[in-house]
Amino acid sequence: MELSNLEVIPGRRVLRHLGLVQGSTVRSKHAGRDIMAGLKNIVGGELKGYTELLIEAREEAIARMVAQAQSVGANAVINVRFSTSNITSGAAEVMAYGTAVFAE
Amino acid sequence: MEVLIQLAFIGLLLLVGLVFGRMAEKRHYRDIERREAELADLLVFNERTPPADRPIREATLVVGSVVIGEDYFKRMAAALKGLVGGRLTAYESLMDRGRREAILRMKEAARARGARSVFNVRFETASLSEAHVGARPMFSAEFIAYGTALID
Numbered sequence: 002m003e004l005s006n007l008e009v010i011p012g013r014r015v016l017r018h019l020g021l022v023q024g025s026t027v028r029s030k031h032a033g034r035d036i037m038a039g040l041k042n043i044v045g046g047e048l049k050g051y052t053e054l055l056i057e058a059r060e061e062a063i064a065r066m067v068a069q070a071q072s073v074g075a076n077a078v079i080n081v082r083f084s085t086s087n088i089t090s091g092a093a094e095v096m097a098y099g100t101a102v103f104a105e
Numbered sequence: 171m172e173v174l175i176q177l178a179f180i181g182l183l184l185l186v187g188l189v190f191g192r193m194a195e196k197r198h199y200r201d202i203e204r205r206e207a208e209l210a211d212l213l214v215f216n217e218r219t220p221p222a223d224r225p226i227r228e229a230t231l232v233v234g235s236v237v238i239g240e241d242y243f244k245r246m247a248a249a250l251k252g253l254v255g256g257r258l259t260a261y262e263s264l265m266d267r268g269r270r271e272a273i274l275r276m277k278e279a280a281r282a283r284g285a286r287s288v289f290n291v292r293f294e295t296a297s298l299s300e301a302h303v304g305a306r307p308m309f310s311a312e313f314i315a316y317g318t319a320l321i322d
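Those protein sequences? They're chains A and B, same order as listed. The working numbering applies: residue 2 is where the first sequence begins, and numbers increase by one. The working numbering applies: residue 171 is where the second sequence begins, and numbers increase by one.
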């Protein structure tokens, strides 16, 4: 499965468009991470616990999107976009979406 | 007496935020500048399509992300500045650091795959105000930069 956020796959021809595919996940941090982040927040800077949490969440969202693309017989997803939204305090939704295509 | 203790506590938090926050920010900026110089030859475009005449072996999605939080001093400084409005320099540097760090991580991911350029770069920023200290939640934001790395 090839992923790209271009509208084309360079050097390959798209034979069939198979529609929009998307994957999303909602994550919340566990209490330990939250307390550590709260302490870290006093001095500021990167909150590594959250960075890792959202990277894991994004990988999960991509995996779900890829699974959906596979189920419709695609071999690539183009024009991939990400979005993160803060649902309630303590939980974030990470979403990945794109166009499933079959390329030569 | 209790008021004094509370004031002392706030003062301590402010001092810690000012000293360590400032130090961390300077260190982060030095680190950003060094890595930016190292990765200067990896070109990043937000054009949607790469030039058609370039031979490309592989195109792959690369992502860089970071979550950055404010420190206690920035929070207080921004709250005071918010009374009169205008530029919030405390947050400007925070957003700048976050976005440049995200770009750098994306470029590092592209370099790790042997790419020489990244096309169609997009940014995403999401505010995650979560960890509560006092009444108002501390501000933190996630920065994402992503694009398609071209390997030729």
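Since the hints were derived computationally from the structure, they do not count as laboratory data. Hints should not be assumed to be uniformly reliable.
[To be verified] If we take Cβ atoms under 8 Å as the criterion, some of the chain B residues that face chain A in the derived model are:
{"hint": "1", "residue": "242"}
{"hint": "2", "residue": "254"}
{"hint": "3", "residue": "256"}
{"hint": "4", "residue": "292"}
[Unchecked claim] In silico contact screen, one side only, chain B against chain A (beta carbon under 7 Å); selected entries:
{"hint": "5", "residue": "182"}
{"hint": "6", "residue": "185"}
{"hint": "7", "residue": "188"}
{"hint": "8", "residue": "216"}
{"hint": "9", "residue": "220"}
{"hint": "10", "residue": "221"}
{"hint": "11", "residue": "241"}
{"hint": "12", "residue": "293"}
{"hint": "13", "residue": "310"}
On a predicted model such as this, the values are computed, not experimentally measured, just so you know. Note that the Cβ used here is the ideal one computed from N, Cα and C, for glycine as well.
Here is how each hint holds up against the structure:
Interface restraint check for residue 242 of chain B: the shortest CB-CB distance to chain A comes to about 5 Å, inside 8 Å, so the restraint holds. The interface hint given for residue 254 of chain B is broken, as the beta carbon of that residue sits about 23 Å from the closest beta carbon of chain A, more than 8 Å. The beta carbon of residue 256 of chain B is not positioned within 8 Å of any beta carbon in chain A (closest approach about 22 Å), and the interface hint is therefore violated. Interface hint status for residue 292 of chain B: upheld, as the beta-carbon distance to the closest one in chain A is roughly 7 Å, under 8 Å.
The criterion of a C-beta within 7 Å of any C-beta in chain A is not met by residue 182 of chain B, whose closest approach is roughly 10 Å, and the hint is violated. Because the smallest distance between the Cβ of residue 185 of chain B and any Cβ of chain A comes to about 11 Å, over 7 Å, the interface hint for this residue is violated. Look at residue 188 of chain B: its Cβ only gets to about 10 Å from chain A, farther than 7 Å, so that hint breaks. For residue 216 of chain B, the shortest C-beta to C-beta distance to chain A is roughly 11 Å, which exceeds 7 Å, and the interface hint is violated.
Given the 7 Å rule on beta carbons, the hint for residue 220 of chain B holds: about 6 Å separates it from the nearest Cβ of chain A. Below 7 Å, beta-carbon pairs count as interface contacts, and residue 221 of chain B has none with chain A, the closest being about 10 Å; its hint is therefore violated. Interface hint status for residue 241 of chain B: upheld, as the beta-carbon distance to the closest one in chain A is roughly 3 Å, under 7 Å. Annotation: interface hint on residue 293 of chain B violated; nearest CB of chain A at approximately 10 Å, more than 7 Å.
Because the closest C-beta pair between residue 310 of chain B and chain A is about 6 Å apart, less than 7 Å, the hint holds.
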